[in-house]
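Asker: So the chains spell out like this:
Number of protein chains: 4
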Amino acid sequence: MGSVFGNKLKISIFGESHGEGIGVVIDGLPAGEEIDLDEVYRQMQRRAPGGDKTATPRKEADMPEILSGMLGGKTTGAPLCAVIRNTNTRSGDYGNILSSPRPAHSDYAAFVRYNGANDIRGGGHFSGRLTANIVFAGAVCRQILKRRGISIAAHIYSIGNVKDAPFDPTGIDSELITRLNGEKFALVDTSKEDAMRETVGAAHAQGDSIGGIVECIVQGMPAGIGEPMFGGVENIISAAVFGVPAVKGIEFGSGFSGAALLGSQNNDEFYYDENGKVRTRTNNHGGALGGITSGMPIIFRAAVKPTPSISKEQKTVDLQTGENTTLAIKGRHDPCIVPRAVPVIEAAAAVAVMNML
Amino acid sequence: MGSVFGNKLKISIFGESHGEGIGVVIDGLPAGEEIDLDEVYRQMQRRAPGGDKTATPRKEADMPEILSGMLGGKTTGAPLCAVIRNTNTRSGDYGNILSSPRPAHSDYAAFVRYNGANDIRGGGHFSGRLTANIVFAGAVCRQILKRRGISIAAHIYSIGNVKDAPFDPTGIDSELITRLNGEKFALVDTSKEDAMRETVGAAHAQGDSIGGIVECIVQGMPAGIGEPMFGGVENIISAAVFGVPAVKGIEFGSGFSGAALLGSQNNDEFYYDENGKVRTRTNNHGGALGGITSGMPIIFRAAVKPTPSISKEQKTVDLQTGENTTLAIKGRHDPCIVPRAVPVIEAAAAVAVMNML
Amino acid sequence: MGSVFGNKLKISIFGESHGEGIGVVIDGLPAGEEIDLDEVYRQMQRRAPGGDKTATPRKEADMPEILSGMLGGKTTGAPLCAVIRNTNTRSGDYGNILSSPRPAHSDYAAFVRYNGANDIRGGGHFSGRLTANIVFAGAVCRQILKRRGISIAAHIYSIGNVKDAPFDPTGIDSELITRLNGEKFALVDTSKEDAMRETVGAAHAQGDSIGGIVECIVQGMPAGIGEPMFGGVENIISAAVFGVPAVKGIEFGSGFSGAALLGSQNNDEFYYDENGKVRTRTNNHGGALGGITSGMPIIFRAAVKPTPSISKEQKTVDLQTGENTTLAIKGRHDPCIVPRAVPVIEAAAAVAVMNML
Amino acid sequence: MGSVFGNKLKISIFGESHGEGIGVVIDGLPAGEEIDLDEVYRQMQRRAPGGDKTATPRKEADMPEILSGMLGGKTTGAPLCAVIRNTNTRSGDYGNILSSPRPAHSDYAAFVRYNGANDIRGGGHFSGRLTANIVFAGAVCRQILKRRGISIAAHIYSIGNVKDAPFDPTGIDSELITRLNGEKFALVDTSKEDAMRETVGAAHAQGDSIGGIVECIVQGMPAGIGEPMFGGVENIISAAVFGVPAVKGIEFGSGFSGAALLGSQNNDEFYYDENGKVRTRTNNHGGALGGITSGMPIIFRAAVKPTPSISKEQKTVDLQTGENTTLAIKGRHDPCIVPRAVPVIEAAAAVAVMNML
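Residue numbers (the working numbering), protein chains in the order written: chain A, 1447 to 1803; chain B, 1447 to 1803; chain C, 1447 to 1803; chain D, 1447 to 1803.
In case anyone wonders, no lab produced these hints; they're calculated from the structure. Note that the structure is predicted; figures quoted are calculated from it, not measured. Be aware that one or more of the hints could be misleading.
All copies of an identical chain are treated as equivalent in the list; a pair is satisfied when it fits inside any one copy or across any two copies.
[As the list claims (entries may be wrong)] Below, computed lysine-lysine pairings styled on DSSO-like, alpha-carbon distance capped at 27 Å: (1) Lys1723 to Lys1758; (2) Lys1592 to Lys1454; (3) Lys1454 to Lys1758; (4) Lys1520 to Lys1638; (5) Lys1758 to Lys1609; (6) Lys1723 to Lys1761; (7) Lys1454 to Lys1776; (8) Lys1609 to Lys1454; (9) Lys1456 to Lys1758; (10) Lys1638 to Lys1456; (11) Lys1776 to Lys1630; (12) Lys1609 to Lys1723.
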């Protein structure tokens, strides 16, 4: 039942890469909320493969179809289901994965889990394509959150060893949020794009891939939201964000670097701002104390491992013959999914936040 | 409802630092499991404040009392409830926290969340003392897991900038597990203890505190356990481990450092070992692929922020007067909770693992 | 979030009567299970409006399309999504319901719940049409359950005051199960059909409707399944069965009539049967004791209220004018949904049982 | 995990009849709610065995102790835990139940479920004594609900064939609610008490027991509360009420008798009352339409089977010898638990209602 997330707002994701279609059911949306589907599609384009640096619009076939839950541009309160048809299956590209699990892919683990009955074509239910559903659900949620004063933005914090300028953890301005929300290669400091693309290109040239880190900020959360212990901001966001394939770590506020600090360095001092609102001057706590929002932005970083699919030859096993073998993954593969992970992680955060309100 | 965790095995934690008592109800334990309560108490002593480097036994009053769920040393299958009485309240130590929220503590967030009705004495429900319940629940689970071939160990990966030798992520030997499971200051390389204690002592001498990182390994998990997307190993473990106060980050396998690697560096190649078992030579994936166990150890690190309670003067607000003020936290405080976080994080992992089987 | 049911097996239902389509996502199905979709469609036909007493096949358009979770006729272990398109909307039939809530329909309650934003055409998400999804999910589950020796059958226990012969609560033979599973008007004693149809016809002739009772049996459940208190057989089955619109009561075993009995009359005595299996000679307990299966059949009855839609004039309010008014529901309506409720209730029971195993 | 109920408000019940103690953890209570514990205890006395028709106060030992979640008479927002010690174990009374399961008790089902490891003394976790926890939780909830205008009352609808006057389903007056809430033998028409006591006495004289029906009303629920399908009023209330041992059926509004009616008889017509509020003149729907409250009282009846424990000789099996045998249950037993079930069912309804708001 891993494909269902949430409590106050439940999303139920379905689909396999090369099946008939993929989609998501969102249950628990408030009724009467206007949803701009064009904006939803724009968010989905940010995640879609290809299109980066080009004006090529996505094919109509990739448009989600709304089967339920919307009427006259507004939510009805009933579960909202969106379906995206699969049209381009290319199953030939992956002809050998049944026998030879791809290193660092879910192939082997899923083979054991499902006794070999799972659909392995294109990664099946584990395909990155399924994240389109998360983006869809998140984009719907973000419009509702925005109306409640809550904005979410993320950027490529790093690719390989190339770093963007970090977010100001005490808050970023709305122009930056708007700009980032519209980009496929989202950077605070756009001058870093060339260096990052070079890093990606160098990996690609060798048939390799490269990982990175995504940083995400949630602004406008009122103080006092969340639950202690297992119902805290970090628990819920991490449970959602680890639902994004390739995420292998998450840290809030100063996170791992804060673990090397003194209390006097890491503690965020409170003060009354000019409007009489309690704030902190720094935001090492990342917006949550005891699991509950402090009123400061929620800020977290997620580690995205390098795409497992590489064309370099790798050692693996042959599950059919029971012998060790080698594998070079044929066909196109994306050498760096970090830019495309940005809107997915924003969306996962949005779904998580909807579950806190 | 943040104090309830789990699905297949549910733990429900209650208590406030200075109330009558704290405790936990564990629902979903298999019946007929022998539980060595002395071993459970030993695990609880590893977390207990004081006692480190001394032979002083804990006071009887701190012993958990089993109210239900055990008969003749075995689980009955009914919910197991353990209660620990609070005897030493020292509420005077924290006399000013109502008006002045301690920086980096839950005080302010909880004040807003509960409209000031929460028990603030000693941190109330947010007190680190509540983690005794997690250790209790985890210690019970660990005995059951051990009978199924699953062992859990953790160590102080770092305090400040002093690092222990890391775990071999492909597996550690049972002697090391046994030794670590018995220690209050758990290190792979015990020669690092002096340097770590010096770091802690230096912080303490200045009325300050210091953070650190805990590394945890779960060995013996069969391959094929877990669910895709939101039901994966990382989702469930992170949702449990962020239930431990002061944890601000978690990473699996190569985690954040893996995000800077090439795919060819980070991918773990499969091979058949001498027993015909599929394994990987490295374990950058940390034991889970697509959320599902690979049969390799689950390995993760959790960032523990420095204890917020420090006696150095800090700026804060006075919620009663509405003015900015300063605060120096009086009374004893533990300058480094990282050693005591080790058994708590092991326990949280144990509860998480019980929810996967 | 009311449209999601279950824990071990989760079904997530979506759709509105006059929207694009309806459907269900089933998460948690075991992988590798062969599913005969023709048999699934046959079960859906038993619920479908019309077709009773005729050989007219349903239109292709009403066939569910499987979007995911099946490959080569077997479950893949990934969420199974089935979608049924809506083609025939007839929204004109219900032109006045926005202003005048139909007595005993969900119209008024939903209007308040969703601030008038819900899709009211044809009842929207509350339409009986949505039960097609329950039948779909149940029919899939029933094939899996059958392989584990568990069969489910139901019949029209009564319509109005005309009663069928009741099930033998200690068990019915497999021929009867097979016969009932294939019928649209399922009766133990088929000689009662004429009297029931007369009762329905008499109501219909007056523009009225008539209620009834469905009795359902689950055979082959091993003893020892279920949880105490809130996780018992009765809790789970009732939570599922009240998901079927129009069900207003449920009783297990002797149920309400047992409440008038002496203990010595109602208690079911245990004995060893010829195979050394513990059984009871009577089955007033309905297969569950303390919420846990006894090994005897689970037997329950569900009260189905008369269809609210009647063409007789009724009093109601006009929500637009704020005045009392009258209403006669135009268009076709089914004067008795009890026969069609039979496969829906069987299906709800099947989904509930899958959540116990 | 059957001993945990709820989502918005979770109760986690623990304890065995003859263990150290029983209790409940209530997670999700709003903070700052004043709770009159004397009133809570009074509700618990209504359920307590003995004391009926006498002035004997319960022993201090039976008083619940609040371990957490309350401070200065108000809820803190943290989980509230109450524990009741077991002092009087009388395990000798039930010396033979290990070998011979009592007909209609959970003994046999639990024996299989827990492989014989469960605590069988006094019924263990299945003991009716555990319902004290439900009454505790419900009594706390009822005080909170009352402040929101919601009242709950129940009465003995029938014992055997003796019936009380039914509730007016469109609403009862507050005096009747107050009176019923204070009684151990709660009747609308108190003149029926003698006949009911005679029926009970006659059963008792023969070493037998007798069942009955409890009717419960929830007044003051606003319209528009609840979710469609599986999250409806009936689903949630039935899932809670079937948590009360001995309940074998539940019906809402006209329930089973409504199943014999015509739509024109069973439909409740809407009208505007003198305050412009939408109401229905009858309440056959029992306060919920499509699972969502209509603003009319929620009314339901629960069938309570006769107590299984009777001193008459009954047939059963001997699980040790594998032979058929007989059993006469020794010791005191309550010949009719219906009066004591009244406050338990009210409490279960209160917990259910808290989960809807």
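Asker: Under a CA distance limit of 27 Å, which applies to Lys1776 and Lys1630: within one copy, between copies, both, or neither?
Answerer: This pair counts as within: shortest intra-copy Cα distance 26 Å, inter-copy 51 Å.
Asker: Reference check for the pair Lys1592 and Lys1454, CA-CA at most 27 Å: within, between, both, or neither?
Answerer: both (18 Å within a copy, 25 Å between copies)
Asker: How would you label the pair Lys1454, Lys1758 (within, between, both, or neither) given a Cα cut-off of 27 Å?
Answerer: neither (45 Å within a copy, 41 Å between copies)
Asker: When no copy is named, should Lys1723 and Lys1761 be tagged within, between, both, or neither for a Cα gap of at most 27 Å?
Answerer: So Lys1723 and Lys1761 pass the 27 Å test across copies only (15 Å; inside, 58 Å).
Asker: Within a copy, between copies, both or neither: which one fits Lys1609 and Lys1454 at a CA-CA cutoff of 27 Å?
Answerer: Neither way: Lys1609 and Lys1454 sit 36 Å apart in one copy and 42 Å across, limit 27 Å.
Asker: Within a copy, between copies, both or neither: which one fits Lys1609 and Lys1723 at a CA-CA cutoff of 27 Å?
Answerer: For Lys1609 and Lys1723, neither the intra-copy (33 Å) nor the inter-copy (40 Å) Cα distance is at most 27 Å.
Asker: Which holds for Lys1758 with Lys1609 at a C-alpha limit of 27 Å: within a copy, between copies, both or neither?
Answerer: within (26 Å within a copy, 35 Å between copies)
Asker: Could you figure out if Lys1723 and Lys1758 sit no more than 27 Å apart (CA to CA) within one copy, between two copies, both or neither?
Answerer: between (55 Å within a copy, 25 Å between copies)
Asker: Please work out whether the CA atoms of Lys1520 and Lys1638 approach to 27 Å or closer within one copy, between two copies, in both situations, or in neither?
Answerer: neither (40 Å within a copy, 49 Å between copies)
Asker: Are the CA atoms of Lys1454 and Lys1776 at most 27 Å apart within a copy, between copies, both, or neither?
Answerer: neither (43 Å within a copy, 38 Å between copies)
Asker: Treating 27 Å as the Cα threshold, decide for Lys1638 and Lys1456: within, between, both or neither.
Answerer: Neither: 38 Å inside a copy, 45 Å across copies.
Asker: Under a CA distance limit of 27 Å, which applies to Lys1456 and Lys1758: within one copy, between copies, both, or neither?
Answerer: This pair counts as neither: shortest intra-copy Cα distance 40 Å, inter-copy 41 Å.
The structure fails hints 3, 4, 7, 8, 9, 10, 12 (numbered hints given earlier, in ascending order).
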